[in-house]
Amino acid sequence: MTVERVLPGLDSVIHAQARLRVMVALSVLPPGDQVTFPRLQDLVGMTPGNLSTHLHKLEDASYITITKAYQGRTPVTYVTLTRAGRQAFEDYTAALGELLSAANHESVEEKL
Amino acid sequence: MENGPPPELPVGLTDPSHLSPAETLALIEAQRRVVARSLYVDPALILGAWGLAWLVGGGAGYLAADGWLAAGVPIWLAGVISGVLFAAATLVSFGEQARRGRGVAGPSRRVAAVYGWSWLLAFAGVFALNLALEQRGLPTHLVPLLWTGTSLLAVGLLYLAGGMLWGSRLQYGLGLWVLATGAGSVAAGFPGNFAVLSLAGGGGFLVAAAVARARDWHSERAA
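From first to last, the protein sequence lines are chains A and B. According to our numbering, the stretch in the first sequence is residues 1 to 112, in order. According to our numbering, the stretch in the second sequence is residues 1001 to 1223, in order.
A few of these clues could be false.
[Said to hold, decoys possible] Here's a subset of chain B near chain A, in silico, CB distances under 10 Å, partners left out:
(1) Ile1028
(2) Gln1097
(3) Ala1098
(4) Gly1106
(5) Arg1215
Please keep in mind that the hints were generated in silico from the structure rather than gathered at the bench. In this text the structure is predicted, and so the values were computed from the model without any measurement. Idealized CB from N, CA, C, for every residue including glycine.
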């Protein structure tokens, strides 16, 4: 069982640094665009094993799709953000923003 | 993630729950910048390469045609200089696109590929039209005007299209400028058409490159 202590209101699938990085990278691509595994690896700076693990967690949540295609005889793995994934990431950043503004609010009140 | 961080995570990527909302937001912004920079096709590089090619290539054409310099530039040399510079600018444009788009597929890349093909097709059209007119006995003194005029027309229209595709006012504005340059080059007559191509055309591209670079600096600073 996971021992992650997630901030209230934050999507626990996304709120792990490695997966967050992947979600950010995919969200920067225009909607519908796919990226190959090696390029994604470059963009987020992770080892193949590590990236693969996190991709599968994101795929289980239906936030990304992983497709295997062939270029000639070479298999190429493409990763793309699903519509649900893009929405989840937007919700996540929105929730984060709310947490942050609430925290700022509290600290201002403390000072008063 | 049983008890503690997984062993593979690099330094700083340990237990996510230790990140505060502010730190998480900073992480998002940092990662976003890295990815955006890696995917960013540098317009200043491409515009600068074309600006240089036009400025020097058109300039060589003018000097060769006019014999303005005492030494004079032979026609063949002007041709070689322009050819090499235009080939180099083409390589820079396609190379930059390919490098930034490496490993990316999908709608945005398809648009970029179709746009790239449009350049090839447009210039195939320009060549077919101009060669046919020459064969049909277009007076020799009009031939250079036809080439600079139609080339600039094609380039101007493609920049208008690029401006529409990517919502870039800079590209659209450059397209308008190049269209005006094309008309101006024909109005100037031979060999002034080469001077217009060099100074107004090449100069326009270089100004656009400088504007693009200044914008990049500005947004880097704001980030």
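Hint by hint, which ones does this structure get wrong, listed from lowest number up?
2, 3 and 5
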